[in-house]
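Asker: With chain D fixed as given, assemble chains F, X, R, L and U onto it according to the hints.
Note that the protein sequences, when read in sequence, are chains D, F, X, R, L and U. With the working numbering, the residue at position 34 of the first sequence is 34, and numbering never jumps. With the working numbering, the residue at position 35 of the second sequence is 35, and numbering never jumps. With the working numbering, the residue at position 68 of the third sequence is 68, and numbering never jumps. With the working numbering, the residue at position 61 of the fourth sequence is 61, and numbering never jumps. With the working numbering, the residue at position 42 of the fifth sequence is 42, and numbering never jumps. With the working numbering, the residue at position 45 of the sixth sequence is 45, and numbering never jumps.
One or more hints might be untrue.
Facing chain U, a subset of chain R residues (Cβ under 10 Å, in silico) [stated by the list, open to error]:
| # | residue |
| --- | --- |
| 1 | 1 |
| 2 | 3 |
| 3 | 19 |
| 4 | 40 |
| 5 | 41 |
| 6 | 62 |
| 7 | 63 |
| 8 | 67 |
Just so you know, these hints were derived from the structure itself, not from any lab. Bear in mind the structure is a predicted one, so any value in this text is a computation, not a measurement. In this text, a Cβ means the ideal position worked out from N, Cα and C, and glycines have one as well.
Number of protein chains: 6
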Amino acid sequence: MKISGRNQLKGFVKAVQTDDLMGKVVVEIQGDQTVTAIITRDAVDDLQLKAGDQVNVLVKATSAMIIK
Amino acid sequence: MKISGRNQLKGFVKAVQTDDLMGKVVVEIQGDQTVTAIITRDAVDDLQLKAGDQVNVLVKATSAMIIK
Amino acid sequence: MKISGRNQLKGFVKAVQTDDLMGKVVVEIQGDQTVTAIITRDAVDDLQLKAGDQVNVLVKATSAMIIK
Amino acid sequence: MKISGRNQLKGFVKAVQTDDLMGKVVVEIQGDQTVTAIITRDAVDDLQLKAGDQVNVLVKATSAMIIK
Amino acid sequence: MKISGRNQLKGFVKAVQTDDLMGKVVVEIQGDQTVTAIITRDAVDDLQLKAGDQVNVLVKATSAMIIK
Amino acid sequence: MKISGRNQLKGFVKAVQTDDLMGKVVVEIQGDQTVTAIITRDAVDDLQLKAGDQVNVLVKATSAMIIK
Numbered sequence: 001m002k003i004s005g006r007n008q009l010k011g012f013v014k015a016v017q018t019d020d021l022m023g024k025v026v027v028e029i030q031g032d033q034t035v036t037a038i039i040t041r042d043a044v045d046d047l048q049l050k051a052g053d054q055v056n057v058l059v060k061a062t063s064a065m066i067i068k
Numbered sequence: 001m002k003i004s005g006r007n008q009l010k011g012f013v014k015a016v017q018t019d020d021l022m023g024k025v026v027v028e029i030q031g032d033q034t035v036t037a038i039i040t041r042d043a044v045d046d047l048q049l050k051a052g053d054q055v056n057v058l059v060k061a062t063s064a065m066i067i068k
Numbered sequence: 001m002k003i004s005g006r007n008q009l010k011g012f013v014k015a016v017q018t019d020d021l022m023g024k025v026v027v028e029i030q031g032d033q034t035v036t037a038i039i040t041r042d043a044v045d046d047l048q049l050k051a052g053d054q055v056n057v058l059v060k061a062t063s064a065m066i067i068k
Numbered sequence: 001m002k003i004s005g006r007n008q009l010k011g012f013v014k015a016v017q018t019d020d021l022m023g024k025v026v027v028e029i030q031g032d033q034t035v036t037a038i039i040t041r042d043a044v045d046d047l048q049l050k051a052g053d054q055v056n057v058l059v060k061a062t063s064a065m066i067i068k
Numbered sequence: 001m002k003i004s005g006r007n008q009l010k011g012f013v014k015a016v017q018t019d020d021l022m023g024k025v026v027v028e029i030q031g032d033q034t035v036t037a038i039i040t041r042d043a044v045d046d047l048q049l050k051a052g053d054q055v056n057v058l059v060k061a062t063s064a065m066i067i068k
Numbered sequence: 001m002k003i004s005g006r007n008q009l010k011g012f013v014k015a016v017q018t019d020d021l022m023g024k025v026v027v028e029i030q031g032d033q034t035v036t037a038i039i040t041r042d043a044v045d046d047l048q049l050k051a052g053d054q055v056n057v058l059v060k061a062t063s064a065m066i067i068k
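Chain D on its own, in the form it takes in the complex:
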């Protein structure tokens, strides 16, 4: 199975926080940088996300910007 979204960053979940509707997932990716993803609470439950999980962060190329 392949996804058109070009960016898949490998990392480990550092922290998960949820409320009724939304969830915040902090991922430490390779190279000592962190990525915060806001996803639905449903997705947090469905993927059973918890600290320590090995995950990929998926970002569509059209959603990324450049700062210089």
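Answerer: Okay, now just chains F, X, R, L and U, sitting in the frame of chain D:
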């Protein structure tokens, strides 16, 4: 100056490709991972992006997904 | 493998059009509705997308709007 | 009135859930598939969204991905 | 007809540029600021967009960031 | 420092509302129009956003749509 977008990944531009309207910027971020950003041609020109540039990739937290 | 993106619509590729950087993929989903996805040319090539392919259209919940 | 967003999927609201800031709207689109949209609480109130409403789900083409 | 997308900025089209797949629409909104929208070529054709047109720019609230 | 995101609209914060995870920031931009941005609670705290602040609203061009 601060930006609400939570994710700023440090890296170096590996390649830039443009057509009349759009541009593709490939960034090697720390940890030997690459991120592809699709931005406007206008932005490529305005930031004078070229291989070797030190940049940050900016991703809004609501645009990031998790794969597990 | 599971993706946090909540919406995966099953369908078949009706048409693919590409230029150097971008690609347009038209998918006929169940229920006789079509979805157009703009993805990178790289992704079209990587997934070898062509008319007739069985695919899922992935849409993050925060990217969907409602019209009433 | 026309919208540039290419994807408008016809369906009926199955469920609405809100907290102070956000709302989750689950829509059953034609073909027995469901779409979840995360919108603002303000929008849920403004459109007076409730189960049974006939709605269109709007997705910009650049926000759709393909899985194969 | 109402749209959940919270931000509709009134303005006039200043310029339209297209290639085979994509289109760039520059809109001068009230208050002497301009907004650039990248949409599909199909949408430019469907809405028959041209300089001088009175339009609204639609931005979903989750797509807006803040710089301070 | 420059950002590839093409749209930066100048304005003043009218209101800020937060819950545990998310924040809603209403900005009055030049020309008597308002923009609502949904960002993370972390970003609201980090930027110390409050009514009266002078800010720019940042919108990536690929996130803007046109209504005509």
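Asker: Does the structure break any of the earlier hints, and which numbers would those be?
Answerer: 8
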